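Taken in sequence, the protein lines are chains S and B. According to this note's numbering, the first sequence is numbered sequentially starting from 1. According to this note's numbering, the second sequence is numbered sequentially starting from 1.
Calculated from the structure, these hints are not laboratory results. Bear in mind the structure is a predicted one, so any value in this text is a computation, not a measurement. Backbone N, C-alpha and C fix where the C-beta goes; we use that ideal spot for every residue, glycine too. Be a bit skeptical, because a hint or two may be false.
Sample of chain B residues with no beta-carbon within 10 Å of chain S, all distances over it, derived [as the list claims (entries may be wrong)]:
1) E29
2) Q111
3) D201
4) G215
Stretches of chain S that chain B covers, calculated by requiring three or more beta carbons in the stretch to come under 8 Å of a beta carbon on chain B [claimed, not checked]:
5) 193-203
6) 206-216
The residues making up each chain are set out below.
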Amino acid sequence: MSSRKADPAGFAAPGHGRRVVARRREAGLLLLGLPALLLLALVFAWPVLRLLSLSVEGGTLAHFEKAALDGLYVSVLLDSLRIAALVTAICLVLAYPVAFWLSRAGRLGLAIGMFALLLPFWTSVLVRTYAWLVLLGRNGVVNRTLRDWGWTEAPLPLLHNTTGVLIGMVHVLLPYMVLPVYAALLRVDPDLTRAAEGLGAPAWRSFLRVTLPLSMPGVSAGCALVFVLSLGFFITPALLGGGHVIMISMLIEQQVREFLEWPFAAALSTVLLLATLAIYALIGRLTRGARLATS
Amino acid sequence: MQLSVTGIVRRFGTVAALGGVDLDVAEGEFLTILGPSGSGKTTLLKAIAGFEIPDEGAVTLGGLDVTLAPPRSREVGMVFQNYALFPHMSVAQNIAFPLEMRRRPRAEVRQRVEAALRLVELEGMAARLPRQLSGGQQQRVALARAVVFDPKLLLLDEPFGALDRKLRESLQLEVRRLQRRLGLTTLFITHDQEEALIMSDRIAVMDKGRIQQIGRPGDLYARPASRFVADFLGESNLLEGRAGQGVAQLPGFGAVPLPGAAAQPDGPVTLLLRPEALRVEAAAAPLPCRATGTVLETVFLGQSAKLRLRVEGGAEMLARLPLRPSDPPPPAEGVVVTLGFAPEDLHVVPQG
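Given only the sequences and the hints, what does the whole structure look like? Please build it.
Okay, structure coming up:
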């Protein structure tokens with residue numbers, strides 16, 4: 001004999017009703033993100049869409065045609081990509097050892113390291129870039145010191161060229177590489193390194209076979225972040241490049257400010273956005289394996 | 001190979017994590033370091049594996065002083081508490097790792113990995129990633145990785161902690177069989193006394209950075225050298241009495257003849273009686289030392305029952321009664337029963 005119990009709340013109802021209850025709970029959590037989402041839509045997504053739509057105003061692709069056919073814009077875009085790639089590579093090389101040290105440092109070391117790393121965030125990019133102008137000029141601190149010590153005779157060209165731009169950009173963007181790599185390294189169980197060493201690996205092989213592959217998610221996040229930020233950099237290349245290094249953001253600004261060519265600026269912006277997304281997807285694709293293995 | 005630890009001291013600030021440890025493990029022996037957390041057993045293990053350099057003393061492995069040698073040159077296979085499998089490598093790559101580090105030829109690596117997989121009965125799992133395996137399977141991979149390069153010594157750091165009881169018991173026996181078969185000198189670290197009793201040739205009980213007693217499981221269980229060992233290993237009744245002229249006065253039981261009475265000086269004495277040696281009711285009637293007591297709590301355990309009792313005019317005691325399915329239920333709470341034991345089951349616990 002079977003018996004049925006009273007079930008006023010209907011909890012014994014077939015799966016469907018329960019899923020509705022479950023989904024309602026999840027929907028409640030989504031509400032927490034709503035204010036930020038609304039703000040973004042209003043002050044970011046909407047203006048960006050407006051700008052992008054300007055590029056095809058009048059139903060013509062003429063602006064894109066101009067951007068693609070005029071060698072200047074293509075070469076500037078390629079230059080921007082090259083500089084962004086260089087900045088990313090330099091940041092990675094400088095940041096990885098720092099992140100590694102931070103992830104192994106004691107409490108005091110970590111506090112000092114983090115302080116030094118985050119200190120620049122307290123100063124505006126503009127101020128920091130002007131500081132580099134003072135440091136890197138023909139008669140700047142660096143060149144004068146080198147001459148005083150007799151290491152160089154003529155001043156090194158550190159300003160108004162790619163070198164200066166790279167120095168300034170790396171300085172600004174370094175923390176964006178250190179932090180994700182540091183976070184990834186923290187998640188690598190120290191027992192894994194011990195296990196590798198106990199099984200016969202010298203420190204460098206244990207690093208190459210275990211620590212490095214397991215930190216790849218942080219490396220790819222850092223690279224994506226720095227690369228994307230570099231592509232759109234404006235103030236630093238404008239000031240330290242002295243007009244000799246043109247990045248695509250500077251061209252866009254020029255179109256708007258000097259020529260009032262909003263539709264063409266919008267077309268260039270669209271190209272920049274698409275390039276950024278493409279590179280983002282590429283980095284994601286390249287490091288998917290690493291993320292899968294370590295997640 | 002034979003392992004010797006002599007006079008190892010490791011201080012952290014003013015605290016001595018290891019306060020002079022001496023230990024010899026014979027070739028092929030399974031020795032367990034048993035101790036509560038904070039007893040120094042992990043520090044000892046690290047000193048033997050090479051992750052920690054002791055302030056004083058020496059570690060010799062197969063006659064070779066390795067006190068200052070880096071872990072990689074010690075030829076010690078270790079199974080970590082959380083297994084420490086490389087998450088981005090397949091099972092086969094994990095097991096091949098120590099061979100690869102030794103630059104063995106590829107054919108040999110493949111053959112040895114296959115043999116190791118057979119040994120732990122994981123054929124067909126070679127291509128899986130560790131997270132695609134169950135806890136017990138991960139444990140076997142860790143074991144295979146630790147023995148695949150014929151280490152001089154196998155270290156097991158609480159490797160069963162994360163497994164459920166049934167699986168743990170079957171793996172314990174499996175690891176012991178495997179260790180016997182390979183003839184591997186093995187040092188096993190645990191805080192679980194039951195596990196230590198099941199697996200070991202010998203047990204070293206550690207507390208406060210020192211080895212308190214070392215011996216075969218049966219000896220340690222029957223004849224603990226201190227209150228700590230008596231209490232830590234198994235369940236125990238520690239009875240306080242006064243010894244004099246070959247007998248001890250025990251509250252509730254009266255005068256009880258002491259084992260090895262001649263050597264026992266007069267004065268306060270601590271006696272150990274294991275719960276299974278304390279009988280109740282009918283089983284107690286023929287025994288020479290008897291008292292009455294009230295049942296405070298009865299716990300049914302399947303093959304036995306555990307009783308907490310208060311001896312009339314004496315202390316609380318534990319009794320463990322064997323139960324067959326046809327036996328009547330054990331005495332319930334509040335029932336007054338006769339208790340008894342045989343004096344030869346008593347063990348005098350050395351003072352201090």
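Structure-based check of each hint:
Distance to chain S confirms B/E29 as a non-interface residue, since its nearest Cβ pair spans about 21 Å, more than 10 Å. Consistency note on B/Q111: stated as away from chain S, and its beta-carbon is indeed over 10 Å from all of that chain's, at 18 Å minimum. The claim that B/D201 is not at the interface with chain S holds, since no C-beta of that chain comes within 10 Å of its own (minimum 24 Å). With a cut of 10 Å on Cβ distances, B/G215 stays outside the contact zone with chain S, its closest approach being about 29 Å.
A count of 9 residues in the region 193-203 of chain S with a Cβ less than 8 Å from any Cβ of chain B is obtained; the coverage claim is therefore met, three being the minimum. For the region 206-216 of chain S, the stated coverage by chain B holds: 4 residues have a C-beta nearer than 8 Å to a C-beta of that chain, and at least 3 were required.
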